[in-house]
Amino acid sequence: MARITVTVNGADHTDEVEPRLLLAHYLRDKLRLTGTHIGCDTTNCGACTVLCDGLPVKSCTMFAVQADGREIITVEGLATGGQLQPIQQGFKEEHGLQCGFCTPGMMVAATALLERNPDPSEEEIRWALSGNVCRCTGYVNIVKAVRWAAQAMQEQAAPEEPATRQPATEQAATR
Amino acid sequence: MTARTRVDGWAKVTGAARYAADHRLDNLAHAVLVTSTVPAGRIAELDVTEAERAPGALAVITHRNAPRLSPAGDFYVQTVLPLQDDLIRYEGEPVAVVVADRLERAGEAAALVRVTYETAPATVELDDALPDAYRLGAYFEPITSSVGDVAAGLERADVVVERTYTTAARHHSTMEPSATLAEWRDGMLTLYDATQGVFNVRDAVCAALDLPADRVRVIAEYVGGGFGCKGFVWPHQLIAPMAARTVGGAVKLVLTRAQTFTSHGYQPPTRQTVTLGAARDGRLTAIRHTSVNSTSTYADHLEMAAICSRAMYACPAIETDHLLAPVSTVLPTPMRAPSDGPGMVALESAMDELAYELDIDPVELRLRNYAERDPTKGRPFSSKALRACYAEGARRFGWADRPMRPGALRDGNDLVGWGMASATMATFAAPASARVSIDADGRVLVEAGSQEIGTGTRTVLCQLAAEALGCPPERVTIRLGDTTLPPTGMTAGSSTTMSVGSAVQLAARSLRTKLASMALAEGDAPAELARLDGDALVVEGAPRTPLRELIGDDPVGAEASWSPSTADVSMHTFGAVFAEVRIDADLCLPRVSRLVGVYSAGRIVNPLTARSQMIGGMTWGIGQALLERSPVDRRLGRFVNKNLAGYLVPVNADVPELDASFVDEHDEHAGTVGGRGIGELGAVGVGPAIANAVFHATGTRIRGLPIAPETLLRGDGDGRD
Numbered sequence: 001m002a003r004i005t006v007t008v009n010g011a012d013h014t015d016e017v018e019p020r021l022l023l024a025h026y027l028r029d030k031l032r033l034t035g036t037h038i039g040c041d042t043t044n045c046g047a048c049t050v051l052c053d054g055l056p057v058k059s060c061t062m063f064a065v066q067a068d069g070r071e072i073i074t075v076e077g078l079a080t081g082g083q084l085q086p087i088q089q090g091f092k093e094e095h096g097l098q099c100g101f102c103t104p105g106m107m108v109a110a111t112a113l114l115e116r117n118p119d120p121s122e123e124e125i126r127w128a129l130s131g132n133v134c135r136c137t138g139y140v141n142i143v144k145a146v147r148w149a150a151q152a153m154q155e156q157a158a159p160e161e162p163a164t165r166q167p168a169t170e171q172a173a174t175r
Numbered sequence: 001m002t003a004r005t006r007v008d009g010w011a012k013v014t015g016a017a018r019y020a021a022d023h024r025l026d027n028l029a030h031a032v033l034v035t036s037t038v039p040a041g042r043i044a045e046l047d048v049t050e051a052e053r054a055p056g057a058l059a060v061i062t063h064r065n066a067p068r069l070s071p072a073g074d075f076y077v078q079t080v081l082p083l084q085d086d087l088i089r090y091e092g093e094p095v096a097v098v099v100a101d102r103l104e105r106a107g108e109a110a111a112l113v114r115v116t117y118e119t120a121p122a123t124v125e126l127d128d129a130l131p132d133a134y135r136l137g138a139y140f141e142p143i144t145s146s147v148g149d150v151a152a153g154l155e156r157a158d159v160v161v162e163r164t165y166t167t168a169a170r171h172h173s174t175m176e177p178s179a180t181l182a183e184w185r186d187g188m189l190t191l192y193d194a195t196q197g198v199f200n201v202r203d204a205v206c207a208a209l210d211l212p213a214d215r216v217r218v219i220a221e222y223v224g225g226g227f228g229c230k231g232f233v234w235p236h237q238l239i240a241p242m243a244a245r246t247v248g249g250a251v252k253l254v255l256t257r258a259q260t261f262t263s264h265g266y267q268p269p270t271r272q273t274v275t276l277g278a279a280r281d282g283r284l285t286a287i288r289h290t291s292v293n294s295t296s297t298y299a300d301h302l303e304m305a306a307i308c309s310r311a312m313y314a315c316p317a318i319e320t321d322h323l324l325a326p327v328s329t330v331l332p333t334p335m336r337a338p339s340d341g342p343g344m345v346a347l348e349s350a351m352d353e354l355a356y357e358l359d360i361d362p363v364e365l366r367l368r369n370y371a372e373r374d375p376t377k378g379r380p381f382s383s384k385a386l387r388a389c390y391a392e393g394a395r396r397f398g399w400a401d402r403p404m405r406p407g408a409l410r411d412g413n414d415l416v417g418w419g420m421a422s423a424t425m426a427t428f429a430a431p432a433s434a435r436v437s438i439d440a441d442g443r444v445l446v447e448a449g450s451q452e453i454g455t456g457t458r459t460v461l462c463q464l465a466a467e468a469l470g471c472p473p474e475r476v477t478i479r480l481g482d483t484t485l486p487p488t489g490m491t492a493g494s495s496t497t498m499s500v501g502s503a504v505q506l507a508a509r510s511l512r513t514k515l516a517s518m519a520l521a522e523g524d525a526p527a528e529l530a531r532l533d534g535d536a537l538v539v540e541g542a543p544r545t546p547l548r549e550l551i552g553d554d555p556v557g558a559e560a561s562w563s564p565s566t567a568d569v570s571m572h573t574f575g576a577v578f579a580e581v582r583i584d585a586d587l588c589l590p591r592v593s594r595l596v597g598v599y600s601a602g603r604i605v606n607p608l609t610a611r612s613q614m615i616g617g618m619t620w621g622i623g624q625a626l627l628e629r630s631p632v633d634r635r636l637g638r639f640v641n642k643n644l645a646g647y648l649v650p651v652n653a654d655v656p657e658l659d660a661s662f663v664d665e666h667d668e669h670a671g672t673v674g675g676r677g678i679g680e681l682g683a684v685g686v687g688p689a690i691a692n693a694v695f696h697a698t699g700t701r702i703r704g705l706p707i708a709p710e711t712l713l714r715g716d717g718d719g720r721d
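Residue numbers (our numbering), protein chains in the order written: chain A, 1 to 175; chain B, 1 to 721.
This is chain A alone, in the form it adopts within the complex (with noise of 0.2 Å):
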């Protein structure tokens, strides 16, 4: 057994584990953190995906005590006080999603593109979104969802400002 010492959501956790433990079982199983859904066990679909000092990771590819002095976001830490993050909301109000169990990871994914590039495009939206699959499979939406969220972030961020940006669905379409 190992001692780590894990930052999740904001909270500290302290656990003794076993060194083959996986990231995914122990937010699910042992934090009971059951929004990191596990859908192949192999890195190829994204389900699992969480943020590890601000890079999404697939939990299931990452050993518990891997994450020892790291900090973890799951889609339980996405949500402040009640209050939905911009990307929660593009993907509830552009229906981006519909079994919802990619949507966590989809989500978390979406979030560390956005940190990165705040305003992307929907073609680097669908590539960078390409590791996390959605079999229902809406595609279509969840890059309007992303795009709903790179919007209202600028928005938040610089409400004076008029917008100067064309949007992304007219850029896709003159190009």
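Quick caveat, the hints were computed from the structure, so don't treat them as lab data. Here the structure is a predicted model, which means the values were calculated and not measured. C-beta: ideal position from N, C-alpha, C; glycine also. A portion of the hints provided could be inaccurate.
What follows is a list of derived Cβ distance ranges for each label pair [said to hold, decoys possible]:
#	chain 1	residue 1	chain 2	residue 2	range
1	A	E123	B	P431	43 to 53 Å
2	A	E124	B	G56	42 to 52 Å
3	A	G81	B	G534	29 to 39 Å
4	B	L136	A	E124	45 to 55 Å
5	B	G534	A	W127	47 to 57 Å
6	A	R32	B	G56	16 to 26 Å
7	A	E124	B	L713	53 to 63 Å
8	A	E124	B	A408	28 to 38 Å
9	B	A400	A	G81	53 to 63 Å
Some chain B residues close to chain A (C-beta under 7 Å, calculated; not the full set) [stated by the list, open to error]:
#	residue
10	G9
11	K12
12	E176
13	T256
14	R257
15	S612
The following residues of chain B were derived to be distant from chain A, with all beta-carbon distances above 12 Å [claimed, not checked]:
#	residue
16	P121
17	W184
18	T246
19	D300
20	L323
21	D361
22	S510
23	D535
24	S561
25	T700
Chain A is fixed; fit chain B onto it per the hints.
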């Protein structure tokens, strides 16, 4: 009706929605399956001593010590009873289940189970099994059909096209791997299951374990996609309760992704031959459509690929036939979209080939053969607006500008092609019941056993109940996925909105009548007299009554049942699909750049969830056309790519903006809702539209899906491995 975002949206974006494997149970043990590594034979040696001694191991169950199961031979149990004998029927068949206190320990113990096999010769490839093909006696629909004289029709035809098309084995690949949690407590068995049919699971478990129905409860609160593989009852759903009974507690069994490829069916590969005879003006004189698909050696699954030809085009002579060829794999099962999905690949590719033989525009050819009535059954369609779909789809796509000649649309290094196809899907419906109740504060509860598998059932039922009661949807709560609720059918065959929706409407109407009669205090009042207005009931001929005065501490409810129409009509959904592909001339890499689908499905209750169904299905069509195939290894007798790295499903970068829409329509035969099912329709017609576009781009006709770059490079038109 208006577009409405999901009532379960909040739960799904916060991680609060609980899928089967998310449920918290006390002292939950974990089960891991050990599965056969050979496709046929019997277990020679089985040694579990090390496994039983492994740390944390609670039980190792094999055919030697498993509880004896009773036959559960209902149609919905598409499995042999697991762990009952030493026979091996397919690679991946469970040979043991190991239960331990922790998942890692169960996995470790499972690795210590020693199994050797006496292998038997096995055929796993459809082509190798064709000599053993046979015809079933009966299925949902007749196996064969014949109207008119096809031989004579072909004789008098000016042009005859006869071609063979192939579709590949494909796997459902739901994002949620199937999972069953089984808990025995106080003589009751409760299952939290990833299923499209809680009642099927309950009935199968009751039969297999000899339990009365009131001792077993099956719950499926949220399901992470089904697409058919969670419809019937499979071994793991019987093994989990067996394991729970053995250890006397709660057991969680989650399939690994690799196990999902051998545990609950797949879409079988098909070999289809279509023969079309036509006069010079394009009118069909004869259609013959035959199909053979692989099935297992131990049970039958028929992919009724040729039924689409029974209803699609007006033609005086139509023959169809279906054969099965047995292979040593797990039993195939329906998959989005069954029968019509693979079938229309063949029919609509053949129609495109005929269009080129006749030099008639492909849309025009279909219009010249438009079926106003079901050509085989000779009766009218319940409702059909396919003509409008062709026109609107062609307009949206810009089809009028299409040059007929292949290879005429080159753009730089891209070969560009435009293709189209029709879509159709036979409509299913199932008896359903629902309960609608209201409390003194005007809060409405809708209850039905049916499952939410991602289609939007909760949202649509909420809208239908609110509409029927005349209250805001915000007042309505939906409870689904539980065998303690009013019975419904499976969430399968695109049947839920019509079936369960109609039951909800009838229950809501019944509740209005009940409330009206309570307010009027005399006999049965017509429902039209009562409507909700905030927290009060308004009844014509009576003063406005606050609900508080009518309803006490207990809510007032009404239950109703609905059964499918018995009217003498044929019920199908229809559509027209237009595709543009771009193929890198050097790499032969095909990509879909535009896709337009216009559909005829009767009333659309919620345009938002309905459109998602269509763009989802269209994306499945892209997978069918260009990506998805599950090859088998003849030597090892197994599927080769049992993961999502090797089995390719469309990812975001494979999918362009999709244009899906419906024509305005109401189908009076489609329940009280007026809408036919759409969950599978979007996945029909896209494959052939893309294949036809590839021909238009390249001049090469590929008759096997999926069309992989290597197939195009080879250019021999055969998609087989």
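Quick rundown of the hints versus the structure:
1. A:E123 / B:P431: 43 to 53 Å: Hint holds: Cβ distance 48 Å, inside 43 to 53 Å.
2. A:E124 / B:G56: 42 to 52 Å: holds, 47 Å
3. A:G81 / B:G534: 29 to 39 Å: Since G81 (chain A) and G534 (chain B) have Cβ atoms about 31 Å apart, the given range 29 to 39 Å holds.
4. B:L136 / A:E124: 45 to 55 Å: Distance hint for L136 (chain B), E124 (chain A) holds at roughly 51 Å.
5. B:G534 / A:W127: 47 to 57 Å: holds, 50 Å
6. A:R32 / B:G56: 16 to 26 Å: holds, 20 Å
7. A:E124 / B:L713: 53 to 63 Å: violated, 30 Å
8. A:E124 / B:A408: 28 to 38 Å: Holds - the Cβ-Cβ distance for E124 (chain A) and A408 (chain B), about 33 Å, lies within 28 to 38 Å.
9. B:A400 / A:G81: 53 to 63 Å: For G81 (chain A) against A400 (chain B), whose Cβ atoms are near 55 Å apart, the range 53 to 63 Å holds.
10. G9: holds, 4 Å
11. K12: holds, 3 Å
12. E176: Nearest chain A Cβ about 5 Å off; hint holds.
13. T256: Cβ of T256 (chain B) sits 6 Å from chain A, so the hint holds.
14. R257: holds, 4 Å
15. S612: holds, 6 Å
16. P121: holds, 32 Å
17. W184: It holds; W184 (chain B) is separated from chain A by about 21 Å at its closest Cβ, greater than 12 Å.
18. T246: holds, 22 Å
19. D300: holds, 27 Å
20. L323: It holds; L323 (chain B) is separated from chain A by about 31 Å at its closest Cβ, greater than 12 Å.
21. D361: Given that every Cβ of chain A is farther than 12 Å from that of D361 (chain B), nearest at about 27 Å, it holds.
22. S510: holds, 31 Å
23. D535: holds, 26 Å
24. S561: The assertion about S561 (chain B) holds, with a minimum of 28 Å to chain A.
25. T700: Label holds. Min Cβ-Cβ 28 Å, cutoff 12 Å.
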